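Going line by line, the protein sequences match chains B and S.
The opening position of the first sequence corresponds to residue 1 in my numbering, with each subsequent residue numbered one higher.
The opening position of the second sequence corresponds to residue 265 in my numbering, with each subsequent residue numbered one higher.
Hints in this document: simulated from the structure, not taken from any laboratory.
Heads up, a few of these hints could be off.
Chain S is faced by these chain B residues, among others (derived, beta-carbon under 10 Å) [unchecked claim]:
#1 Ala-13
#2 Asp-18
#3 His-36
#4 Arg-239
Just so it is clear, the structure is predicted and the values come from calculations on it, not from any experiment.
For every residue, glycine included, the Cβ atom is placed at its ideal position computed from N, Cα and C.
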Amino acid sequence: MSKKAKVIVIRTAGTNCDYETVTAFELCGAEVDLVHINQLLRKEVDILNYQILAIPGGFSYGDDVASGKILANEIQYRLIDTISRFVSERRLIIGICNGFQVLVKTGLLPGIDGIDKKEYTTLFNNDSGKFEDRWCYLKSTSNRCIFTRGLKEQIYLPVAHGEGKFITLDEKTLEYLKKNDMIVFKYVNKDGDIAGYPANPNGSAEAIAGICNPGGNILGLMPHPERFVTRYNHPRWTREKLPEEGDGLALFRNAVEFAKKKLQ
Amino acid sequence: MKIVKTLKILKAGEEQLLEISRKGLLSLNLAEMKAVQAYFKKKKREPTDVELETIAQTWSEHCKHKAFRGVINYNGKKIDNLLKQTVFKATKELNKEWCVSVFTDNAGIIKFDENNCVAFKVETHNHPSAIEPYGGAGTGIGGVIRDILGVGLGAKPIMNTDVFCFGPLDYPEEKLLEGTLHPRRIFKGVVSGVRDYGNRMGIPTCNGAVIFDEGYTCNPLVYCGTVGIMPNNTCFKKVKVGDIIVSLGGKTGRDGIHGATFSSIALDKDTEVSAVQIGNPIVEKKTQDALLQARDKGLYNALTDCGAGGYSSAVGEMAEETGARVYLDRVPLKYPGLAPWEIWVSEAQERMVFAVPIEKLSEIMKIFERENVEATIIGEFSGTKRLELFYGSEKVADLDMKFIHEGGPRFELTAEWKEKKNNEPNFVSPVNLGDSLNKILSDLTVASKEWIIRQYDHEVQGGSIIKPLQGATNDGPGDAAVARPILTSWKGVAVSNGINPRYGMLDPYWMAASNIDEAVRNIVAVGGDPEKIAILDNFCWGNPNKPEELAGMVRASLACYDIAMAYGTPFISGKDSLNNEYVDVSTGDKVAIPGTLLISAISVMEDVRDAVTMDFKAEGNSIYVIGTTHNEMGGSVYFKLKNELGNTVPKVDGKTAKKIFAKLHKAIKLGLVKSCHDCSEGGLGVALAEMAFAGGTGVDVCLDKVKRSGDVNRDDYVLFSESNSRFVVELEKKHQAKFENLFKEIEISNIGQTGGDKVMIYGLDNRLVISEDINVLKESWQKPLRTP
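The shape of chain B in the complex, shown without the other chains (with noise of 0.2 Å):
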């Protein structure tokens, strides 16, 4: 019997897209945990024993400072020496909407120094300046990204949030994320051209909703592959023919059959 590839799902307060991200994993027959950021902090529990680390999505600490900061200094400061192992082992990382948010902040992605000192991209407020929820067409660019490969060329997936707007530091590091095949996710509209909002529906440089590490294991997108799991999450599956899986399945899956090769 092969074993089965062992998830960490971390949640702290204001944690909230938690039940669905663990449900997408367990769908994949992972095997997964999920563990407040304090049973970390408090060394009850190591990340060295799962293969496979997401931080979902939610208000961490109510967004308090900016978007995921808190969480972020948390691992930054005090986790960061066995994150650094986790993923120089080649460990998977995936964070989703407020998980992408940590992401960025904590300097795992872009990653572009191994773990950034500097703030290289962020997630900035929405070009609308509310809150949104739609659902929005995604083209899957990268060939590098773990969690993607053999994806179809276009997805479709909800997004979420106020903060989604993606900026980079300078045109250099653009350039690089380009160079470095690391652009994982653009927002497209429905025949797959870039297009203005509500297609981009937070103003994102290029329209990049998604981004990976130069190694492609840890992956950072702000739609939510976890919400569209089956058909039945798909705003129109009352009306149209869709297969019987979403979308967002197969980063789940891509995830788990990775690290359950990497385990025989």
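Put chain S on the given structure of chain B with help from the hints.
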């Protein structure tokens, strides 16, 4: 300075008693003050401020529902306890085995699946939202979420629903009464308040409604509802003598002092803002995370939330059978300087009170500590059947539980109903009705609420099945929300609301009947089982001491009984918010809201994959109207365009309606129905237009084919009458025979088919009365609230 004051009431005369009540913002009337006086005369001592405040909070209209539970003389007929005689009575007589806990706890509980139940509660937060819209609305949603966290041994919130009533957004500035905020400001504040709290809690807001009417300009209504799921064995609580009282969550401050009593009186320009609470959703989320873990480990015997009246109500309720000792100086404060009575009645948010057996104390505290939530031992449930409060070594209150809960005198009120006669509009049906249809679609109550809906996360928790926005471009108006709380099961819940205050301006009886019909209709339209619908009542009214106001409440209550019985839909919980009035300082008059009853409905769906949406699915499908169209233009949006109310309020034929719901449900279960939408505001015309532009396909129908009563003989009335229990249904032609056979004894009419890109409607004489492009109609519907 003494920390506790004693008040001299033993020798006070009537005037002085009233003065003490008025000065202390106690909202107690003379009879109540006299009852208090008599109690302390027996005790041979004067009361402390803490004691008086405790009594005032517990006896407040907000907590006690005095009007509903009093003795009412209604047009010469005596009604002893209106609630018991109507709403409760229906539930009792229907006696559904799937009703688990009704009207006793923070929320109503019904069965969900083998292992779980669902709880549902809708609350109002009207007064606070009038004064401080953002904070008032945020703490409104925060409060109802805590009701769900505190029902039984605690439920996990899975869905929110919100219904708001505001004044018109274009209300002239100069007409605003002194001290009131403009409806636009209230609207925006309320929407963002609910957004920021609900989103941060991670609870999807999937359903709602917004009503605009001049009557809500001074007193907006903010209804917030939450559904929760809980294991079967956590539906009931029982405090044991010796249990430790633990307070969890937020600290106590001066915010929200007198919330319960303040919401029991009319507002005026001098109303204190300090009565509004300050919310912090993340503290509440932490509290939720911590308490659900403790619940699953069985670490406490009871809990409840601190809502209106704060600790006074929470501990007071929990200790009703046992009594309690509470040490107020141990309560963690936001800042020093609070008097004991302020600590006791403050409605500071995000606090829950637990009854923890002493042997489980260390384990529960460990969980709370790990989740970074502040937990404090503040006393114990004593077994003395007395409420004893201490501050340091000083005893600051000592009251008998029996007096607190049963010592208040009952109210005797008079209700007098007079039939109203309005002007009956007199005009001929316009030759072209396209203009009217566009205008109705642009009416703010009808118009698209997408601007609001998208600001609410309606998909968090991953269980959303039928979303609030649906159709070809995800923007059509859905009837009810469907979600599945357990992601590995297809079982789900459908949730909807029914509200139409304009009918109440004609007759609150038929308003209540129509609202129940609408809530039920919405559930049935998406595929919910009409045999499994539970409903909630939420009365918002003016001053019950005015006989005509109270008569409206009586009539609405009577309909609640009649229609609930006819439909087999038990009430499982309810709420009333009275005294929604504003004092116009220039005249001294009190302006009241139109009596408003919100009916919210919930139904358990066996399989959410049976659900249908309201958008037309394809060209060439047949369109049916189910139900009969009557001359019921009274209170319609069509008459509103002409600034008229009319008289012919929509009525309900319970027997026929029940049959319609059952048949339609069967048709949906059989998979015959491609799309289904109920006829509500704007009647058949609006239903057809919405289905067409949501589906991106036109429709071609003939009004002469619509089954109607004999007195409906003009195109505009057929199209815009708001008769109840009607649906528009789209079928594939191949299913027509089967469908018609199923509906044999019921009036249904095949009125046309889908196709093209226009809504084409032929009148009674087969002349074209509407020919409008679906995109034009959609624009009329979307434009008014696109960027409000």
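_Violated hints, by number in ascending order, as checked against the structure_ = Every hint satisfied by this model.
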